[in-house]
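Number of protein chains: 2
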Amino acid sequence: MGRPLRVGIAGLGTVGASVIQILDRQNEVVAQRGGRPVEVVAVSARDRAKDRGFDLTGFTWFDDPVALAKSADVDCVVELVGGSEGTALETVRTALSLGKHVVTANKALLAKHGLALAKLAEEKGVSLAFEASVAGGIPVIKVLCEALPGNKVSRLYGILNGTCNYILSRMELEGLTFAECLKDAQRLGYAEADPTFDVEGFDTAHKLAILTSLAFGTQVDADAIYVEGISSITPLDLSMASELGFRIKLLGVAERTETGIEQRVHPTMVPKSSAIAQVMGVTNAVTIDADAVKELTLIGPGAGGDATASAVVADIADVASGKAEPPFGRPVGHLEKAPRAPMQRHEGGYYIRLTVHDRPGVAAGVATRMAEAEISLESILQKRSEVAATQDRHGRSGAPVPLVLITYAATEAAIRSAVEKISGDGLIAEPPQVIRIERE
Amino acid sequence: MGRPLRVGIAGLGTVGASVIQILDRQNEVVAQRGGRPVEVVAVSARDRAKDRGFDLTGFTWFDDPVALAKSADVDCVVELVGGSEGTALETVRTALSLGKHVVTANKALLAKHGLALAKLAEEKGVSLAFEASVAGGIPVIKVLCEALPGNKVSRLYGILNGTCNYILSRMELEGLTFAECLKDAQRLGYAEADPTFDVEGFDTAHKLAILTSLAFGTQVDADAIYVEGISSITPLDLSMASELGFRIKLLGVAERTETGIEQRVHPTMVPKSSAIAQVMGVTNAVTIDADAVKELTLIGPGAGGDATASAVVADIADVASGKAEPPFGRPVGHLEKAPRAPMQRHEGGYYIRLTVHDRPGVAAGVATRMAEAEISLESILQKRSEVAATQDRHGRSGAPVPLVLITYAATEAAIRSAVEKISGDGLIAEPPQVIRIERE
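Residue numbers (numbering that gives the first Met the number 0), protein chains in the order written: chain A, 0 to 439; chain B, 0 to 439.
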């Protein structure tokens, strides 16, 4: 056993506290795995007096995480401060510049500054490890970096945000609205007071940006991601999806296409029989499609103090073992600058829910517009209005009713153009709902 | 980039051929990952003349794999010969003794001689890597060894044999018998001419023995595994299971109990909503329950040339990178000799299908025997005979009908004793079917 790896932990929220407790109780296993002992020597947090349920007196206290990063006693800085700028960035940059290893759970930081920080780590010959930044306790980064050198990845998709998956799961199972489920998620601590970052897909996008780079050997390019959140999803969409053999999940998808790398985050219809469709509640999952291994799916907790700490501790043990591979699997200089595949060129199946006036010729009008755009329909589902008070002699009420179309593969551009024309024709009473379909 | 790692491949079946092709096309990525080039320099197989679809002239040919292992030009031997004794064992032992790294897909060899070979590898300071030996392309060994140092594993269970899962999936989906599905599996190349090894659970047991050691830090102990195969499962069991909210899978289960490590392979009822229940066809899956990460599930191809080769190539890249950790995660001397938990002490829910005579007092008789053994029943399902020709005035036919009991947690000993008494009472017309239930 060599000299201990001396760890400084910046940020003592649930993850930081759990890291300290796990390193204590798994001491021997971590030392075995790392080839030398791991010792927490310093900590930093906003409030020193806060009761965290364990004793901090054994650790050197720093009010300022940057000062902790500068401490000569620290070999490895664990950054759990959060945020893509300010203190977190400065802490990580300082540590790397001084030749210290960094372990972080900060996806926003990596999505924005990952390449620059990785370059700095490479120059200094130290580790920058971030397993905890994506999908919590699921070791997807290790798998992408180390388990698939024999593979060319063609597509990667995942449920990367537990908040959204919790909301969609409850909406489906209990027929509740988005707003009702969001409120519950907030009450249970699964969603923030301002939920925008989660429910509008930005958190998923940060994580996807990191996974895309690792899967395809490309430069992190978060700005290239098309992002759509789940706030527009209604219980009707979920029940229609179910009737048609699908579930709706907020997926992050990265795919190699003829025009480049497509990166997108949006509510997605997935076949009920797929592994990813079974993933309910706050659980995360990632599926990797690759040439040799075909399809690999990893399912596990996407958040939570202990699960995230599990990933942090695995990274710390890897750092201790002397592993100092390039943070993004290959040197930053070797990461391709892949062309961005524009969303308009995306090709796939679509679910289109129109709220049409229940009168003669509407279905025909809709079908004509789809045919004009050369979009083939796989199925059409029209539901009779349940709120209709009066009906004509054909049983029609004249009240708006949902008309759902499932298309065969079509381009985003064709779908948007057809839907726009249908809107212009005055056939629909409400803005259309368009959800992309992802097949196995 | 350092000196190339010179690889010799012993065995050129579908996996060996695929390894050669993958190393060729993924050359750069493997070199990047391994930190140096990887070159196949030598091969060995039974038939030199066989057309394998690619040119062997660039490689030194050996008729004898042991001679390949002895070649001074080979740094790393890939053993794909198979079998737990004879040539495979001698090849691996020779290579390790001479200080060469070994990569193997041979679960039988590892289940039997894994500890001795690991000890030899440790003494010589070389790698013995075997990701491909369990669950084909799923990197479960890497995950267990490297991703979970912060965790104490409490249970691990998996679908580790694609043949059995294919048969059970088809039996369920199409209502076919075991014999019919086995025949199809043989025709499709999913099952051997003599299917015993797969369908009676021995293949699963070999793989489980390896995973148990890695998950619990214990010595490989294949002899301690309770093994039961799937040949007794009937379409009726599968439809009953479905009606009760379960699917039947052949699972390998390893669990830390109060009496020691329980290792068992048997047909298992799993809740339909569980991740593992969704795994159909030849696909494999492993779920790991651990204290920090809670539940982690990996799903992917369990066999097939390319998927298995994907794991072999990942191991070769790890070897090239200089990673030389103890093969079983910790030095053989540190692996615990855990007490074997006897099967009689196993505690869990049970599905018991009795074929009872359809006459008064039978259900009461059965229920009494269960009560005497202090077994609580969660549900009872009695099906009226469909073959009954005549019925008495109560609608009874006197013909045998299935009576299914689902128990709350009970010990194996209690269940066996109760079932034996029920048999002795003359209440049943056929031997009882007992299937263990595994909950999430």
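It should be emphasised that the hints constitute simulated quantities derived from the structure, not laboratory data. Among the hints, a few may not be true.
Claimed, not checked - No more than 30 Å apart at the CA atoms, straight line, and that leaves these computed lysine-lysine pairs for DSS-like:
hint, chain 1, residue 1, chain 2, residue 2
1, B, Lys118, A, Lys49
2, A, Lys49, B, Lys151
3, B, Lys151, A, Lys322
4, B, Lys322, A, Lys118
5, A, Lys322, B, Lys420
6, A, Lys293, A, Lys151
7, B, Lys69, A, Lys271
8, B, Lys182, A, Lys293
9, B, Lys322, A, Lys151
10, A, Lys151, B, Lys118
11, A, Lys123, B, Lys322
12, B, Lys322, A, Lys322
We went through each hint and held it up to the structure:
1. B/Lys118 - A/Lys49: violated (49 Å)
2. A/Lys49 - B/Lys151: holds (29 Å)
3. B/Lys151 - A/Lys322: At roughly 23 Å apart (the allowed maximum being 30 Å), A/Lys322 and B/Lys151 satisfy the hint.
4. B/Lys322 - A/Lys118: Holds - the C-alpha atoms of A/Lys118 and B/Lys322 are around 23 Å apart, at most 30 Å.
5. A/Lys322 - B/Lys420: violated (60 Å)
6. A/Lys293 - A/Lys151: holds (10 Å)
7. B/Lys69 - A/Lys271: Status violated; Cα separation ~53 Å.
8. B/Lys182 - A/Lys293: Measuring from Cα to Cα gives roughly 26 Å; hence the hint holds.
9. B/Lys322 - A/Lys151: Between B/Lys322 and A/Lys151 the Cα gap is close to 23 Å, so the pair holds against 30 Å.
10. A/Lys151 - B/Lys118: violated (35 Å)
11. A/Lys123 - B/Lys322: holds (21 Å)
12. B/Lys322 - A/Lys322: holds (9 Å)
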